[in-house]
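S.K.: Chains A, B and C are the protein sequences, given in the same order.
Read in order, the letters of the first sequence are residues 1 to 176 in full-length UniProt numbering.
Read in order, the letters of the second sequence are residues 1 to 99 in full-length UniProt numbering.
Read in order, the letters of the third sequence are residues 1 to 996 in full-length UniProt numbering.
Just so you know, these hints were derived from the structure itself, not from any lab.
Where is the CB? At the ideal position from N, CA and C, for every residue including glycine.
Please note that a few of the clues may not be correct.
Okay, derived cross-link-like pairs now, DSSO-like style, lysine-lysine, Cα gap no bigger than 30 Å in a straight line [unchecked claim]:
| no. | chain 1 | residue 1 | chain 2 | residue 2 |
| --- | --- | --- | --- | --- |
| 1 | C | Lys390 | C | Lys514 |
| 2 | C | Lys601 | A | Lys173 |
| 3 | C | Lys776 | C | Lys430 |
| 4 | C | Lys995 | A | Lys173 |
| 5 | C | Lys966 | C | Lys885 |
| 6 | C | Lys430 | C | Lys407 |
To give an idea of the interface, some chain A residues facing chain C are shown, with a C-beta separation under 8 Å as derived from the structure [claimed, not checked]:
| no. | residue |
| --- | --- |
| 7 | Trp20 |
| 8 | Thr79 |
| 9 | Ser81 |
| 10 | Ser82 |
| 11 | Ile95 |
| 12 | Asp97 |
| 13 | Thr136 |
| 14 | Ala163 |
Some chain C residues well away from chain B (every beta-carbon gap over 12 Å; in silico) [said to hold, decoys possible]:
| no. | residue |
| --- | --- |
| 15 | Pro507 |
| 16 | Arg682 |
| 17 | Asp705 |
| 18 | Leu783 |
| 19 | Gly889 |
| 20 | Ser930 |
| 21 | Thr934 |
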Amino acid sequence: MTTQRHEFDPTPFLVEELPWAPRFSLRVRPEHRAALAGALSLELPSKVGQRSTAAGTEVLCLGPDEWTILAQDADALTTASSAAYAQIPHSLVEISDREITLRISGAQALTALTTGCPRDVEAMPVGTGARTLFDTATIVLWRDDRQSFRIDVWRSFLPHVHAILDQVLVELKSGL
Amino acid sequence: MLLIHCPYCDETLPESEFAYAGEAHINRPADPSALSDEEWRDYLFIRTNARGPHYERWRHIHGCGRFFNAVRDTVSDRFLMTYEAGEARPDLTVKEAAE
Amino acid sequence: MSRYRIPGMGRVDPAATVSFTFDGRTYQGLRGDTVASALLANGVHLMGRSFKYHRPRGVVTAGSEEPNALIGTSRGKGRFEPNTRATVQELRAGLTTESQNKWPRLSFDIGAVNDRAYMLFSAGFYYKTFMWPRSFWDKVYEPFIRAAAGLGKSPTEVDPDSYAHRNLHTDVLVVGGGPAGISAALTAAKSGARVVLVDENPEMGGSLLSDPSVRIDGRGSWAWLAEQLSQLRAVGVRLMTRTTAIGYYHQNFVGLVERVTDHLDQPPHGAPRERMWHVRAEQVVLAQGALEKPLVFDGNDRPGVMLAGAAQTYLNRYGVKVGDNAAVVTSHDSAYYAAFDLVDAGARVAAIADTRDSVRPDLLDAARKRGIQVLTGHTATATEGRLRVKSVRVNPVRNGQVGAGRKIACDVLLISGGWTPSLHLFSHTKGSLTWDADSRTFLPNHKTEACQIAGAGRGLWGYGPVLEDGVKAGMAAAQALGRSAEGSDARVEGDRPGTGSSQKELPTDRSPGKAKAFVDYQNDVTAKDIRLAVREGMRSIEHVKRYTTNGMATDQGKMSNINGLMIAADALGKEPPQVGLTTFRPPYTPTSFGAFAGYHKGATFEITRKTPIDPWAEARGAVFEPVSLWRRAWYFPQAGEDMHAAVARECRMTRASVGMFDASTLGKIEVAGPDAVEFMNRMYTNPWTKLAPGRCRYGLLLGEDGFIRDDGVIGRMSQDLFHVTTTTGGAARVMNMMEDYLQTEWPDLDVWLTSTTEQWATVALNGPNARKVLEKLVEGQDLSDEAFPHMSVAECTVAGLPARLFRISFTGELGFEVNVPARHGLQLWKAIHDAGQQYDICPYGTETMHVLRAEKGYIIVGQDTDGTVTPQDAGLDWAIGKAKKDFVGKRSLSRPDIVAPNRKQLVGLLTEDGTKLEEGAQIVLDPNQSLPMTMAGHVTSSYDSVALGRPIAMAVVTGGHGMMGKTVHIPMPNGTIRATVTSTNFYDPTGERLKA
């Protein structure tokens, strides 16, 4: 019988709050996606969950007509958007302050996410993302590596998410 | 907790990402003022309450955000199919024949 | 070594002694013991008193189905748990336990008088006994029932333990780590599938742990088990012990509760007590085995009477001999093996009485070799012994006639009424059962979920067939996943095959009406109770169950349901399947609330949303109130101030000079696109086409039924861009409603919605000096009334921050709202606070906001409206774009019941005697009418108004708009209050202050 076997792990996972960065919500009809991508010099993936990265700008397709953009050059993006608007109606709204991003990484990062995410995070391919839930908070989940994730959490929901992750950290450190 | 296939994400995901949104294929009249009180009442309040396949709407609210339609058997609580908003009401007999 | 411990037997650690207490006395057990096995090792059988009759009871099982041995356990402050099953609780150092349902002590209990009054406590006695006189109910009956009802004592302290939660996705979930489950898991895992194997026991093995003599593939069963487990680990199967599958829900969603620390002497810091797992499996294999049933006869509940299988488990798994001199009464072959193992371990078995006339010759041979007398065709008719069984009386049954009885002395009586396949989880899925006439038991039939059932759960018996069945189930699961699986049959030597049958209560030569033949030990239901229920008209098993409470205890009838059904069917003269089986419902075993709550306790009980300005308010000693999920500063008391004084000061200072308010929680939606104005026209009652960029307007949102849903000020930032604000609580709902219309009704519109609630932090400035404060901070916008009149909006710089500036007012004073990116919210707040010092700027909270708006008659949606209030009712006709052909809810505004006279309408109320009314108080027109009075409406808002020097109130009153100046009455406990109906616009009715 094994009754008292503890596997101590000093840092099962790491939670870091990432610095502020320009973030936009882009909306456009799917039929105008390619044209707008050209006008904004972005790659806009057409499938929900897919991401693209070019020249430091990251794009994640969250819905059939919705993308989150982490812009390297926010001014250039808004300028290009204004210029394209008359020809290609769309909406580009700054949401840099709406969400705060946490990076969750380490050997048990996946386990940490399974405490709150109902979907199969393990099956999520590296390099994809999705809007989903952590506990009762809506989040945008980015899988950057096998054991490295980012979650974007609405500002006021962040303390709750963080507090749960803190509890999980203590729990995992116990080895049980 | 059910599993629901989002036709926009093309993924089958846990129910907690979704929100129920009432019966499907009840279109808002183009000109409500042309409706009699009885017709308007029916639009507002009268619902099918089906025993068996039920055409209903769901929203992938903690996901892609899209409203879509589903056919769910209210007896077995099983989803028979989901499809995009705006698509015609599917003929289940055709679907069964295909299976 | 304890008296009944057999050296060299069992899986406990003989070198590791563990001390614990039971009812204040210290006992020694071994590491690996349960409380039950340790007490038995010390010769203690008496572990509790029964629920209704307070009869002495001993342990009857060795598993989670235990109905009798329910104890209170404790390991320090706040860590008391009632109704813990002694058969499940593992021994740990310092464990304190106590028996339940006894007073003053377990061996002598006053409540046992109920046992003497047995005839009074028959089925349905609650319904019969407490009917009259009616006056007895409050003083006598209810206190009695409350005192007597329930088992154990509820904990009174806050649970200091933590609980955890996991989501787990897997290809195959196997429930039950016995031989069938292990074979299924290994077979499925070898096909490459992800497999999880769970078992509620501290170790895997199931029945193998109680059958070490069986040989599999040339090894002893325990060696075989160890090798299988290492293979399972090697192929990556997740093995979860102490983990109970509590519920099986739609689409292979299974809830597991893992007991993490209850067995540990010293749990490591931070370890959760229990962990709830939400498992989603492609395939589920149910290999939960079978549960042994008792036989029903007079005195079948004395301490020392236990299931034969339990005795075998105590012997082989824990090295505990349950007695020195056993007697056996059985209707199943399995009890013979228990008897053989006991004799082989040095105990005496006086006799095996078998209800069947013929028994397998090899069993009779094996019994004879061990010197055990076998009495076939016998019944048991009584037992003796007060706190421990002393003898059993058995009688031959010939042609249905019960012959003369004889007494067999024993210190333990092993009984077996056959086995019931454990199909609780299968029943959770609404899987149907079929009656197997041969084995007289229910077997799984039609499946509703993607699951396999293996082993004893399908009525199979003996290790050979069960192992083979497990392999088959594993292959079927793998194949359903599109994988090819191979399985090999195990070679079993010394197998223990068996058959048996289910029984009604055993025949007796005594009056059946006097027999205390228990069917449900936990709820004290006897065979007589069930027959009485049928006599009194209960026909369905569901009615019998509720009338007798058979199977309604915390064990959910794991041992009693089939026996109860057999008796009810016999009484009804029907076959059991015609009488039916009651439904098993989750959870499979009692489950702590903590496991369900998980991380949702204490500070993370639920989300508490805070604004960027919240830390400042907290540092200032603000008192907070919850508003939907937000916590908002309610008021800012200064030294010595109570709420009333603080709010009065905040109101006074704001109206006299300037106040500042954190409005960040207001919902905000960016409506953008070429069709933005068309969308706004369709959603809101108001006309938007002519609203110029740079201007804003109060917007009113209805449901399609014409009732007010939300409101807020909406600014037109540019031709194609609106900044919509919603109520704090309505933000998500309004966004959802707008998306619904946009996506499904008007997908042709080129417009998009983005929630910006948390993009912006918002500070409201109100009061005659608001402009003077703001002017010092604003760049890029002339704030004069000419350049920036009431209801203007502009993008500019405030305190060096990019801002959206609104000139609006929710107080009736000159007012502004400044929005800046949320990360700068606190900086903006401090800058305004600094700039306002020369004007004695006053931070105010939600209470003052409420008072100031009420003085102006501005409504709060959800407070002054309740989902049945139309714009006309609320006096907001002016907000309706009369020229618009359509908007959401417009058609309903001409529905007959909406245009009917005498709807409840929003008015102001001023009490004649200056009393402050209570919100929610009911209003009547004639205080002298007879009871019950006709309610004419209710008070929706009520405050002390500093500006008016008196209390004010808002109310909805039937036909209120036509009652200006009339008197209404508000009956209260201390008398009826008179109030005059007025306009809701109490203060500055012409709005001069707004235009300052």
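S.K.: Would you mind marking each hint as holding or not holding in the structure?
M.R.: For each hint, the structure was consulted:
1. Simply put, lysine 390 of chain C and lysine 514 of chain C have alpha-carbon atoms about 20 Å apart, close enough for the 30 Å limit, and the pair holds.
2. For a cut-off of 30 Å, the pair hint linking lysine 601 of chain C to lysine 173 of chain A stands: about 20 Å separates their Cα positions.
3. For the suggested pair lysine 776 of chain C and lysine 430 of chain C, the alpha carbons sit about 71 Å apart, so the restraint of at most 30 Å is broken.
4. As the CA atoms of lysine 995 of chain C and lysine 173 of chain A are separated by approximately 62 Å, the hinted pair breaks the 30 Å bound.
5. Pair hint lysine 966 of chain C plus lysine 885 of chain C does not hold up; C-alpha atoms about 38 Å apart against a cutoff of 30 Å.
6. For the proposed pair lysine 430 of chain C and lysine 407 of chain C, the alpha carbon gap of about 46 Å is over 30 Å, so the pair is violated.
7. Among the interface hints, the one on tryptophan 20 of chain A holds; its C-beta lies about 6 Å from the nearest C-beta in chain C, closer than the 8 Å criterion.
8. For threonine 79 of chain A, the interface hint is violated, since its Cβ never comes within 8 Å of a Cβ in chain C; the closest pair sits about 16 Å apart.
9. About 11 Å separates the beta-carbon of serine 81 of chain A from the nearest beta-carbon of chain C, more than 8 Å, and the hint is not met.
10. Because the closest C-beta pair between serine 82 of chain A and chain C is about 11 Å apart, greater than 8 Å, the hint is violated.
11. Of the supplied interface hints, the one on isoleucine 95 of chain A holds, with its beta-carbon coming within about 5 Å of a beta-carbon of chain C, less than 8 Å.
12. Taking 8 Å as the C-beta cut-off, the interface hint given for aspartate 97 of chain A holds, the closest approach to chain C being about 4 Å.
13. Against a cut-off of 8 Å between C-beta atoms, the interface hint on threonine 136 of chain A holds, since the closest Cβ of chain C lies about 6 Å away.
14. The restraint placing alanine 163 of chain A at the interface with chain C holds, with a minimum CB-CB distance near 5 Å, inside the 8 Å limit.
15. The non-interface label for proline 507 of chain C is consistent with chain B: the shortest C-beta to C-beta separation is roughly 44 Å, beyond 12 Å.
16. Listed as outside the interface, arginine 682 of chain C is inconsistent with that label: its C-beta sits roughly 10 Å from the nearest C-beta of chain B, within the 12 Å cut-off.
17. Look at aspartate 705 of chain C: its CB is around 6 Å from the nearest CB on chain B, not clear of 12 Å, so calling it non-interface is violated.
18. At the 12 Å boundary, the C-beta of leucine 783 of chain C stays outside the reach of chain B, the nearest C-beta of that chain being 39 Å off.
19. Non-interface status of glycine 889 of chain C relative to chain B is broken: a Cβ of that chain comes within 12 Å, the nearest being about 9 Å off.
20. Look at serine 930 of chain C: its CB is around 36 Å from the nearest CB on chain B, clear of 12 Å, so calling it non-interface holds up.
21. Under the 12 Å C-beta cut-off, the non-interface status given to threonine 934 of chain C relative to chain B holds; the minimum distance is some 27 Å.
Of the hints listed earlier, those the structure fails to meet are numbers 3, 4, 5, 6, 8, 9, 10, 16, 17 and 19, in rising order.
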